[in-house]
Amino acid sequence: MAELNMLQAINESLHFEMARDERVVVLGEDVGHVGGVFRATEGLYEKFGEQRVTDMPLAEGVIAGSAVGLAMAGLVPVIEMQFLGFSLQAMHQIGGQIARLRNRYQGRFSSSITIRSPFGGGVRTPELHSDSLEALFANIPGLKVVLPATAADAKGLLASAIRDPDPVLFLEPLRGYRGIKDEVPDGEYLVPLGKARVAREGTDVVIIAWSHQVSLACRSADRLAEEGASVQVLDLRSLVPLDLEAIGDAVRACGRVVVTQEAPTTAGFAAEVIATINEECFYSLEAPVERVTGYDVPYPVGLLEDIYVPDEARITAAVRKVLAA
Amino acid sequence: MFQFLLPDIGEGLEEAEIVEWLVEVGDVVVRDQPLVEVLTDKASSELPSPVAGRVAVLGGVEGQRILVGQLLIEIDDGVTVKQDFEERETSAQAPAETPAATPPSTLGSPPPFAAAAPSSSVSPGTRPKAAPATRKFARDLGVDLTQVPGSGPGGRILLEDVQSFSTGKQGGAARSLDPGLGVMPAGRHPLRGVRGAIARNMAQSWSEIPHIHSLDEIDASVLLGFCQESKASGMPLTPLGLTVAALARALRRFPMVNGHINSGEDTQEVVIPEHVNIGVAVATETGLVVPVIKNADHLNVAEICQAIADLAQRGRSGSLLVADLSGGTFTVTNYGSLGGRWALPIIPPGQSAIWGMGRIADRPLVVDGQVVARPALPIVMGADHRLVDGDLLEAFRHEVLGYLADPQKLLAGDIF
Amino acid sequence: MLTDMVAARTQAGRLWNLQRQGRVGTLAPIDGHEATFVGAVHALDPEVDWFVPQYREALALMRYGPEVLDRYLLYNLGHPAGGFIPEPIRALPCQISLATQIPHAVGLAWGMTLRDDPGVALVSFGDGSSSEGDFYEAGNLAGVLKTPVIFLCVNNQWAISTPSRKQTAADSYAAKAAAFGFPGVTVDGTDPEAVHLAVSEARDRARNGGGPTLIEASLYRLGPHTTADDPTLYVPPEDLVAAQDNDPVTKYRELLSSEGLWDDAHHAEVTQSALDLFDASFERACQWPLSPDAVLDHCYAEDTPRMARQRAALLASGGHRG
Numbered sequence: 001m002a003e004l005n006m007l008q009a010i011n012e013s014l015h016f017e018m019a020r021d022e023r024v025v026v027l028g029e030d031v032g033h034v035g036g037v038f039r040a041t042e043g044l045y046e047k048f049g050e051q052r053v054t055d056m057p058l059a060e061g062v063i064a065g066s067a068v069g070l071a072m073a074g075l076v077p078v079i080e081m082q083f084l085g086f087s088l089q090a091m092h093q094i095g096g097q098i099a100r101l102r103n104r105y106q107g108r109f110s111s112s113i114t115i116r117s118p119f120g121g122g123v124r125t126p127e128l129h130s131d132s133l134e135a136l137f138a139n140i141p142g143l144k145v146v147l148p149a150t151a152a153d154a155k156g157l158l159a160s161a162i163r164d165p166d167p168v169l170f171l172e173p174l175r176g177y178r179g180i181k182d183e184v185p186d187g188e189y190l191v192p193l194g195k196a197r198v199a200r201e202g203t204d205v206v207i208i209a210w211s212h213q214v215s216l217a218c219r220s221a222d223r224l225a226e227e228g229a230s231v232q233v234l235d236l237r238s239l240v241p242l243d244l245e246a247i248g249d250a251v252r253a254c255g256r257v258v259v260t261q262e263a264p265t266t267a268g269f270a271a272e273v274i275a276t277i278n279e280e281c282f283y284s285l286e287a288p289v290e291r292v293t294g295y296d297v298p299y300p301v302g303l304l305e306d307i308y309v310p311d312e313a314r315i316t317a318a319v320r321k322v323l324a325a
Numbered sequence: 001m002f003q004f005l006l007p008d009i010g011e012g013l014e015e016a017e018i019v020e021w022l023v024e025v026g027d028v029v030v031r032d033q034p035l036v037e038v039l040t041d042k043a044s045s046e047l048p049s050p051v052a053g054r055v056a057v058l059g060g061v062e063g064q065r066i067l068v069g070q071l072l073i074e075i076d077d078g079v080t081v082k083q084d085f086e087e088r089e090t091s092a093q094a095p096a097e098t099p100a101a102t103p104p105s106t107l108g109s110p111p112p113f114a115a116a117a118p119s120s121s122v123s124p125g126t127r128p129k130a131a132p133a134t135r136k137f138a139r140d141l142g143v144d145l146t147q148v149p150g151s152g153p154g155g156r157i158l159l160e161d162v163q164s165f166s167t168g169k170q171g172g173a174a175r176s177l178d179p180g181l182g183v184m185p186a187g188r189h190p191l192r193g194v195r196g197a198i199a200r201n202m203a204q205s206w207s208e209i210p211h212i213h214s215l216d217e218i219d220a221s222v223l224l225g226f227c228q229e230s231k232a233s234g235m236p237l238t239p240l241g242l243t244v245a246a247l248a249r250a251l252r253r254f255p256m257v258n259g260h261i262n263s264g265e266d267t268q269e270v271v272i273p274e275h276v277n278i279g280v281a282v283a284t285e286t287g288l289v290v291p292v293i294k295n296a297d298h299l300n301v302a303e304i305c306q307a308i309a310d311l312a313q314r315g316r317s318g319s320l321l322v323a324d325l326s327g328g329t330f331t332v333t334n335y336g337s338l339g340g341r342w343a344l345p346i347i348p349p350g351q352s353a354i355w356g357m358g359r360i361a362d363r364p365l366v367v368d369g370q371v372v373a374r375p376a377l378p379i380v381m382g383a384d385h386r387l388v389d390g391d392l393l394e395a396f397r398h399e400v401l402g403y404l405a406d407p408q409k410l411l412a413g414d415i416f
Numbered sequence: 001m002l003t004d005m006v007a008a009r010t011q012a013g014r015l016w017n018l019q020r021q022g023r024v025g026t027l028a029p030i031d032g033h034e035a036t037f038v039g040a041v042h043a044l045d046p047e048v049d050w051f052v053p054q055y056r057e058a059l060a061l062m063r064y065g066p067e068v069l070d071r072y073l074l075y076n077l078g079h080p081a082g083g084f085i086p087e088p089i090r091a092l093p094c095q096i097s098l099a100t101q102i103p104h105a106v107g108l109a110w111g112m113t114l115r116d117d118p119g120v121a122l123v124s125f126g127d128g129s130s131s132e133g134d135f136y137e138a139g140n141l142a143g144v145l146k147t148p149v150i151f152l153c154v155n156n157q158w159a160i161s162t163p164s165r166k167q168t169a170a171d172s173y174a175a176k177a178a179a180f181g182f183p184g185v186t187v188d189g190t191d192p193e194a195v196h197l198a199v200s201e202a203r204d205r206a207r208n209g210g211g212p213t214l215i216e217a218s219l220y221r222l223g224p225h226t227t228a229d230d231p232t233l234y235v236p237p238e239d240l241v242a243a244q245d246n247d248p249v250t251k252y253r254e255l256l257s258s259e260g261l262w263d264d265a266h267h268a269e270v271t272q273s274a275l276d277l278f279d280a281s282f283e284r285a286c287q288w289p290l291s292p293d294a295v296l297d298h299c300y301a302e303d304t305p306r307m308a309r310q311r312a313a314l315l316a317s318g319g320h321r322g
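Chains as they are written, first to last, in the numbering used here: chain A, 1 to 325; chain B, 1 to 416; chain C, 1 to 322.
Please note: incorrect hints may appear among the correct ones.
[Stated by the list, open to error] Pairwise CB distance ranges (calculated):
id: 1; chain 1: B; residue 1: M1; chain 2: C; residue 2: R284; range: 21 to 29 Å
id: 2; chain 1: C; residue 1: R115; chain 2: A; residue 2: L58; range: 23 to 31 Å
id: 3; chain 1: A; residue 1: G228; chain 2: B; residue 2: N201; range: 50 to 58 Å
id: 4; chain 1: C; residue 1: E87; chain 2: A; residue 2: A325; range: 55 to 63 Å
id: 5; chain 1: C; residue 1: G260; chain 2: B; residue 2: L39; range: 45 to 53 Å
id: 6; chain 1: B; residue 1: N201; chain 2: A; residue 2: P288; range: 48 to 56 Å
id: 7; chain 1: C; residue 1: E302; chain 2: A; residue 2: D222; range: 36 to 44 Å
id: 8; chain 1: B; residue 1: L39; chain 2: C; residue 2: A169; range: 35 to 43 Å
id: 9; chain 1: B; residue 1: L39; chain 2: C; residue 2: E238; range: 18 to 26 Å
id: 10; chain 1: A; residue 1: P165; chain 2: C; residue 2: E47; range: 21 to 29 Å
id: 11; chain 1: C; residue 1: P289; chain 2: A; residue 2: A325; range: 47 to 55 Å
id: 12; chain 1: C; residue 1: E302; chain 2: B; residue 2: D27; range: 52 to 60 Å
id: 13; chain 1: C; residue 1: R165; chain 2: A; residue 2: I307; range: 50 to 58 Å
[To be verified] Computed cross-link-like contacts, DSSO-like style, restricted to lysine-lysine with a CA-CA straight-line distance of at most 30 Å:
id: 14; chain 1: A; residue 1: K47; chain 2: C; residue 2: K146
id: 15; chain 1: B; residue 1: K294; chain 2: B; residue 2: K231
id: 16; chain 1: A; residue 1: K321; chain 2: B; residue 2: K136
id: 17; chain 1: B; residue 1: K136; chain 2: A; residue 2: K195
id: 18; chain 1: A; residue 1: K321; chain 2: B; residue 2: K129
id: 19; chain 1: A; residue 1: K195; chain 2: A; residue 2: K181
id: 20; chain 1: A; residue 1: K195; chain 2: A; residue 2: K321
id: 21; chain 1: C; residue 1: K176; chain 2: C; residue 2: K146
id: 22; chain 1: B; residue 1: K231; chain 2: B; residue 2: K136
Honestly, the hints are just simulated from the structure, not real lab data.
Positions of the beta carbon are idealized from the N, C-alpha and C atoms, including for glycine.
Model the full assembly from the supplied sequences, consistent with the hints where possible.
Right, dumping it as structure tokens:
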């Protein structure tokens with residue numbers, strides 16, 4: 001065990017997987033010599049060489065598109081989209097090709113492709129660097145969408161994603177790279193995809209969240225515990241496949257729900273969670289589900305960022321509202 | 001007979017015009033031989049024959065527009081069995097990328113109406129408000145939410161409201177009242193009908209019967225617990241039902257309480273009836289009515305509860321018969337259901353006693369030397385002091401309360 | 001090569017009729033492209049080299065095995081099995097999204113070198129596709145990595161109704177290779193031997209570590225873009241007539257006949273044989289089984305919990321009624 005931040009955990013996982021399976025190759029902009037603009041791929045180029053770690057030309061489309069060919073040739077590509085907002089430049093390859101490989105070719109070729117990408121607010125980035133686009137991808141069948149909220153999960157989920165036979169979009173929170181630190185098991189460590197995690201036990205209300213919002217939800221819950229409220233936090237970890245059972249269990253236990261996301265309100269993934277609650281455990285609800293989200297506007301500039309991204313105060317207010325309802 | 005139906009050859013075409021027939025009826029054609037030139041929105045095309053055979057029928061004349069799916073030409077190939085023209089070919093050979101594989105009429109048409117779940121006679125604006133969990137709870141208990149007063153915000157029905165309702169307790173203060181209650185226009189109104197009858201009866205009772213009342217408050221936890229457990233059996237019992245059962249047995253033991261005094265100009269007598277007929281007061285839109293459970297001492301507890309429910313429902317719907325309202329020898333009034341706790345009920349004429357039950361509410365009671373909160377049921381028994389002395393009154397009351405304290409006794413030795 | 005060209009043209013005619021009879025969906029006819037595709041395929045070794053097509057090429061890929069035709073017909077029937085080209089065939093099925101297969105081919109070639117696989121990848125695409133970003137991104141990467149890939153730009157002068165002169169201002173499509181740092185060559189796409197030579201040279205270059213080549217094969221689209229297109233609205237009739245006079249199949253037949261290598265009897269034999277093969281293949285395709293819950297197959301390696309329920313509900317309701 002060691003206390004690592006999320007970045008270190010991701011790096012450790014990449015080293016482990018590349019050592020374990022010689023088919024794993026890493027490609028992206030600046031991932032080689034410099035080890036990634038955030039140093040997530042640090043040391044890989046030195047250890048595994050330029051055949052397996054490639055500094056790609058500045059072209060998201062072909063970074064994603066060539067991964068398809070590499071997978072067809074029997075390799076296991078782990079590609080990086082330097083920021084999730086720029087994956088929109090590769091959407092025709094990610095959504096139109098990578099997601100559909102198994103379905104189009106009916107299983108002839110491997111589609112074991114992992115797409116790593118950072119996103120999320122709180123770090124004052126310029127336009128398109130923080131956009132939270134997970135819902136767009138969750139609506140494309142054939143992709144899996146995974147978001148770790150802890151360093152340990154970052155290591156374990158990334159390992160599982162790389163080994164998964166399906167394409168996985170692995171989303172890393174910018175604020176969490178150095179801001180999230182916890183005990184990470186040494187050596188081989190796998191966390192299964194499609195299984196949520198109870199981040200904090202509670203019985204009065206459950207906050208359902210993913211990625212960095214999970215830590216904010218836990219802080220809010222601790223604050224509310226001082227007032228006598230027992231607040232559960234459910235970390236979804238995977239949006240696709242979604243852990244239907246865990247959501248049902250949490251709602252049946254608590255009866256009151258808040259869902260929080262950085263993405264804008266309309267058609268964000270919180271809507272899917274609420275629709276799922278409707279199908280799985282509607283009759284356990286004591287009150288309408290409350291969602292805390294970004295506003296229905298493009299991700300704003302630096303000075304407006306704090307008012308846009310849900311913070312602990314907004315989550316707490318939502319929990320209070322739902323408890324009083 | 002091979003029927004060549006006009007295909008959609010251009011991704012979403014709906015019809016085509018026959019430009020020129022390249023064959024005539026009677027011609028022998030080979031496979032892939034051009035049969036006709038058609039014109040669509042996109043292009044002019046020759047359509048080749050799918051089969052070899054003799055042309056039997058042309059599906060239209062030159063210049064005519066026919067729809068995709070309609071008969072273009074019939075060719076006798078000596079092989080194909082003629083299909084009913086209504087049956088379209090919907091085999092796997094349907095064009096891959098053409099939307100006409102789905103009949104156009106179903107694209108975008110609204111889904112068939114799901115049969116609306118039968119709802120109560122509540123109009124949309126007055127549908128009771130309750131959280132999903134509360135609704136399920138009510139449904140599992142068999143409680144009709146439209147009958148439950150809600151004490152939550154905006155009149156919302158809370159879980160406690162459903163619980164109270166199902167065990168006979170009342171919730172908080174807010175009630176949904178009949179909007180006509182107590183309302184009469186200013187002016188003079190003849191005293192007649194139900195109001196007239198009630199007025200006459202009340203006056204007669206008040207002037208003829210010297211009332212004595214005995215009041216008490218009992219710990220109803222055992223009674224409520226018994227009722228709660230009975231729900232599992234599928235035949236839920238109520239405190240009122242158990243009370244009527246207890247009264248029936250007590251009246252059999254103390255026939256004088258079941259009797260009455262007839263005092264007229266010519267007659268002064270004590271009448272002791274053969275049967276125990278217990279009337280249960282029910283509030284209706286037109287006033288109080290008291291339908292009677294005949295031979296209540298011959299019914300078991302479940303039958304009594306069923307009879308109460310049945311009579312109450314008929315009372316509310318105005319379908320009680322005269323026979324239902326006559327022949328009572330004893331009356332029970334549950335003003336607890338109106339929210340009241342204590343009352344001094346008036347004995348109906350022709351009877352000598354009445355049992356009143358108030359609303360069960362938590363009160364501090366002493367149990368084993370400790371003050372504890374218990375559901376307390378207030379009871380008032382009124383009696384005709386000409387017939388019922390104090391000791392009889394207390395003995396009778398004691399008998400009834402004995403059953404209410406141990407309702408299990410009511411289930412033993414029921415049938416006579 | 002003429003055998004394959006004649007077979008392709010013959011089968012294309014049968015396929016066209018099937019579309020006009022409403023039995024298969026929209027498809028892109030091969031007419032006029034036979035020399036290019038057949039010439040290219042004959043310069044490859046199907047055992048080791050990959051053919052990455054757009055969507056017009058399949059009838060010319062008989063060297064890759066009869067399964068390619070089976071799957072192409074299944075594809076046109078709209079059957080999901082049409083996308084499955086069985087191992088060990090090194091040809092991909094149709095790619096509808098133009099030019100997206102170009103990066104795939106570069107990745108494939110790249111992957112082969114990483115795995116010490118000696119094959120090359122040839123990717124076929126049209127003049128229109130060369131305007132897509134994927135072409136430039138992929139060409140750029142291929143140049144940087146020197147992957148063993150052959151870019152075959154099939155310039156049939158039209159992208160549906162857009163003529164070549166509106167597709168690019170460059171002197172030629174081959175000229176665009178300069179931006180990528182590898183050679184670009186033009187070739188007469190109606191001459192199968194010329195195409196064969198160009199592809200052979202490109203293949204040698206790739207196999208010897210010399211990297212990619214961009215070959216522009218110039219020809220004329222003799223039919224419509226697809227069965228849903230009406231070229232009479234935009235193709236100048238005199239151009240079409242000139243192109244028909246230059247029909248690659250006719251030309252090559254005349255050449256080989258004059259050299260005593262081909263005659264009418266042989267032509268009839270080849271034609272009939274191609275039709276028999278086609279008809280048998282189509283018959284097989286029409287009988288291909290389709291399970292009631294096929295729509296849910298091959299999305300993920302394993303159903304997600306929600307999909308498992310969807311599958312159960314679908315099966316309970318009777319499923320696909322094909």
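(message) Output the indices of the hints that this structure fails to meet, ascending.
(response) Hint check: nothing fails, all pass.
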